[in-house]
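Visitor: Residue numbers for the sequence shown follow numbering that gives the first Met the number 0, beginning at 0 and rising by one.
What the hints contain is simulated information worked out from the structure, not anything from laboratory work.
Where hints are given, some of them may not hold.
[Claimed, not checked] Cut-off 25 Å, straight-line C-alpha distance, at most; resulting in silico cross-link-like pairs (DSS-like, lysine-lysine): (1) Lys-531 to Lys-461; (2) Lys-492 to Lys-588; (3) Lys-588 to Lys-570; (4) Lys-324 to Lys-345; (5) Lys-504 to Lys-583; (6) Lys-504 to Lys-481; (7) Lys-110 to Lys-214; (8) Lys-492 to Lys-550; (9) Lys-115 to Lys-176; (10) Lys-527 to Lys-570; (11) Lys-473 to Lys-435; (12) Lys-461 to Lys-583; (13) Lys-45 to Lys-70; (14) Lys-527 to Lys-550; (15) Lys-499 to Lys-531; (16) Lys-614 to Lys-570; (17) Lys-287 to Lys-116; (18) Lys-481 to Lys-492; (19) Lys-550 to Lys-461; (20) Lys-115 to Lys-70.
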Amino acid sequence: MKKKFIITTIRLCAVLFLILLGAALTLRWYVISGRFRALAERRAAKAAEMSVRMESFHFSWPLAVRIEGLKLAAPGHEDLPFLSCEQTRVTASPGDVVRGHLVTLTMVNPKINLVKKEDGFSNIPTLPKREEESRFSIGTIAIESGEIGIDFPGMKASARGIHAALGEPMFSTGEVKVLGLRTDSVNLTLGGAKRKQIPVSIAIIESKFVLNRNKTSTEVEASIESALSARVPYLLLPSNIPISLSFGLDYVPQRDSLENAHLVLKIPLFSNVSAYGAMTELTGGAPKLNMNWTVEAPEIKDLLEYCEPLQRPKFKDLGMTGIFKITGEMHGNAMNPDVSAHASVKNGGFAWKGLALEDLGVETPVSIGAGAFAAGPGTINAAKAIALVKGSRIEVAPLNVAVSADKSHVSIDRFMARVEKTTNVTAKGVYELGSKRFYGNARMDGTPLPRVVALIPPNVYKLPEGMSLGGTLKLGCDFSGKLTTSLESLSLKYNLDLEKGEFSKGEFVSAAGINAKLNGTAESASLKDNWKFDVAGDIGNFEVLVDTFYKAFTETVFPFAFAGEYTLRAKQVRNARATLDLGKMGKLKASGSAGLAKDAEFDMRIGAEKVDIGKVFDEIAQQLLSERFPSFREAKVGGVASAGFQLGLKEERWTAAGDFEMADGRISLDGGKVVVDSLSARLPFGVYFPQGESAREAARFEDSDFGRIELRGIGAGPVSVASLALEVAVRENSLRVRGPIPIALFEGTLTVDEIEGENLLGSLAKLTTSASADGMDLGQITTKLELPKVEGTLDAHFSSILLNTDALETAGAVEANVFGGRIQAAGLGIEKPFSPVRTIEADLTFKDIDLSDVTETLKFGTITGIMDGTLKGLEISQGQAAAFVADFGTVPRKGVPQRINFDAVQNITILGTGQGFQATLGRGFASFFNEFRYDKLGFYCTLKNDNFRMKGKVVEGGTEYFVRGTMLGPSINVINRNPGQTVSFKSMLERINRVKREKEEENPSGSP
């Protein structure tokens, strides 16, 4: 029987072993095949309502699970998991099961990354709510070398080297958890893009959290020992400040809040920091605060070393003592709460720059919120106030001051006075009976400028005769001084706003809509003598009218600064320094002295830096120049210029002497008819104004007086010059340009000798020079002028060229070797050269001119023969002949036939009679012959005021011939049937052009 029991038992054990072996092999197959991992992922994801991913899953006995590469993510954000763990170990023991704990969880190198953006994006999952709690829970949680990253609006945080253990203490009933936490470092950045960021670094040395969980909340008690480093604006905090923090709170998940929170912070800077209250809407992105707090410092002087502004050199001698305490409340958004507090200083003292306060006490409420700041009404009390002013000791005992403040100002209401004669003026200040000194501030709002100017004593400043001012003034001024039987000294620091200002001087200078903002100082130790002043600001948004010049600067502001000394007796500004920023146009500066009285002298050094000539021209100069010189109406100017010169006024005479420089200059006048692609200059100069009516003796020049002007890409009508370099001097209203100046032009050379200019700024201004030209190609000249191309050369020699405001006069001649002969022009000149209706004048002589070349070039028909003639009193205005007296006739030459075709006869007839040849008879007759012989061709003609008269030179038997035929034919006579007839020159030219067009239409190929 016993033996049988043993055998049966062995068989049962074998069967049980086989069953267990089969189960183990099956479980092993599930683990190896990955099916167990997939099952675990699905079950965990369903239970947690989030995405769960595992790289590998390992199972062993006794019960132990090791998960490699665990990642948890909110649904839809699998690419940005909020938890990733290198290794996760889950183990169970019989002891854990008996205590109702399912497993012990250990996480190795976990990384938590929580992101929430202002646009609503978040990778934080929503945890499912459980109606009933499971009887089993995780028993112990351990974290090894963890990391946390948080990116929320207004805050970024990261923590590294996290080591934590969460479990139940011994003899626990199962509802209490204890968390021990230690980190290597915690880094915070508070503030977002719209606020200045504050970096904070915290090293948690040791911490302990006790969590007591009940049905509705979790009670938390904590103590943290850490070291803090932070860069806070205006504070100089040392590194690794030891901080001891203890707090308690109730976390109520159903209300998403922290309640009954209490905090005590121990830090070396303060003796007591504590807070009590609650925080709601924890997970909504904008937690709300409702807190009471207290901060107390045992001694203010210990805080001064941490205040950055007070460490600056000017506060070197600052001393403050006392006990500082502030209590208050915080409400609203936790990142930007509304703060109301009450600040106080007791048993205090203050000393700085000769001012001392003893037994100082301060009481004032403070409010901060929504970008606003307010303090007061409060009080500042001192048992004694002591001031040292220029060696004098002033005591006030006691001192009682009522104060109030907001974000923009602090008001001390000790003394108020109403300033009469001016509206909307208030003043506050203190007058000390013992020292006779006063100080305070004044304001004016909406005060008419003329009423303010009327308050200025005449001995200080008086408006020039004919000048008027307007506008509305707003003034804020801090003042101090000494007042006995009269005002002895005064110091001012002010800011001034002028709105809709106006200015006028006489009938031709005015400005309106002026807006200006000024800040400055002024002081005088003796009001009857000198004032020192320093003012800076900007002026703009105005319109200005000077004579016929008008410009609106309605969207332009010009910053400026002005400093110096003003002498009342002499009414003179001395040691002046001024700058004016013209924006894109450049910057001006000045220094020196200037008198404001009648017949006063002026002596200033003026500088212009990086002046954009194009901007200045567009904004100002173009309108001024266009009124006198129409070619500037469509002009374009560019370049950058700088200048430095001494500007003086003495005995009603202005002088200017200095240097001018330009780079990258360019000019285009009259719609591109005159261009300079590149212009650079360095030019010393000296001028004066007014010039006066009488001419002055020419200045004498030294080498040092000369500068250099370089031009490239010069074009003026048909003239094109690649480059030109000039040595120029301007002194005492005289000009010198060194010569000779060779200019390559039209395959020849133009040589300009030394140029002299005198009385440049007077009515007798003039320029003189001489010039010559050799071998210029007439073909290029006529082509550039868009005239029929004429082959030949041009030479010229002018022994004298004189240019003034009324005329251009020359002595010399131009000779053109053309049409087989030569044409000479003498008496060349221009009347009113700077006027749009200028007139060119000349006398021309024609010698040995081959008529076949002339008629072929001018498409006048065909005439052969040699002609001589003169064209006297030629005047050309606006591109057309306005007057002349012509005398032309043929000269027989051996071997040169004298023939004329019908087209030439037709054009001569039009010239002489204003009508064409008898068309029907003429064409029919001409059809038999291609050309005719003639014996003599000649005519006289005059033009004046569009009245053109032409006479034939051959007169026989009372008949006047333009063309006299030969005895042997074929020949032709062209007779003037209307001697003395006057025709319209303009109409005659139109008829000739019409005949040419008709002929071209009849014979478009141009064949004979």
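Visitor: When you check the alpha-carbon spacing of Lys-110 and Lys-214, does it fall within 25 Å?
Guide: With a Cα-Cα distance of about 30 Å, the restraint between Lys-110 and Lys-214 is violated, given a limit of 25 Å.
Visitor: Given the hint that Lys-492 pairs with Lys-550, does the C-alpha gap stay at or below 25 Å?
Guide: Between Lys-492 and Lys-550 the Cα gap is close to 34 Å, so the pair fails against 25 Å, i.e. violated.
Visitor: Are the Cα positions of Lys-550 and Lys-461 separated by 25 Å at most?
Guide: The given pair, whose Cα atoms are some 28 Å apart, is violated under the 25 Å limit.
Visitor: Holds or violated: Lys-614 and Lys-570, Cα atoms, limit 25 Å.
Guide: violated, 36 Å
Visitor: Taking 25 Å as the top limit, are the C-alpha atoms of Lys-527 and Lys-570 close enough?
Guide: Satisfied, since the Cα-Cα distance of roughly 11 Å is no more than 25 Å.
Visitor: Has the given pair, Lys-324 with Lys-345, been kept, meaning a C-alpha gap of at most 25 Å?
Guide: Holds. Lys-324 to Lys-345 sits at ~9 Å (cutoff 25 Å).
Visitor: Within 25 Å, alpha carbon to alpha carbon, are Lys-527 and Lys-550?
Guide: Measuring from Cα to Cα gives roughly 40 Å; hence the hint is violated.
Visitor: With the threshold set at 25 Å, check whether the alpha-carbon distance from Lys-481 to Lys-492 stays at or below it.
Guide: Within the cut-off at roughly 16 Å; holds.
Visitor: Does Lys-461 pair with Lys-583 here, judged by a C-alpha cut-off of 25 Å?
Guide: violated, 35 Å
Visitor: Are the Cα positions of Lys-588 and Lys-570 separated by 25 Å at most?
Guide: Holds, at roughly 22 Å.
Visitor: Given the hint that Lys-45 pairs with Lys-70, test it: the Cα-Cα distance must not exceed 25 Å.
Guide: Holds - the C-alpha atoms of Lys-70 and Lys-45 are around 15 Å apart, at most 25 Å.
Visitor: Given the hinted pair Lys-499 and Lys-531, is their Cα-Cα distance within 25 Å?
Guide: violated, 28 Å
When held up to the earlier numbered hints, the structure conflicts with 5, 6, 7, 8, 9, 11, 12, 14, 15, 16 and 19 and fits the remainder.
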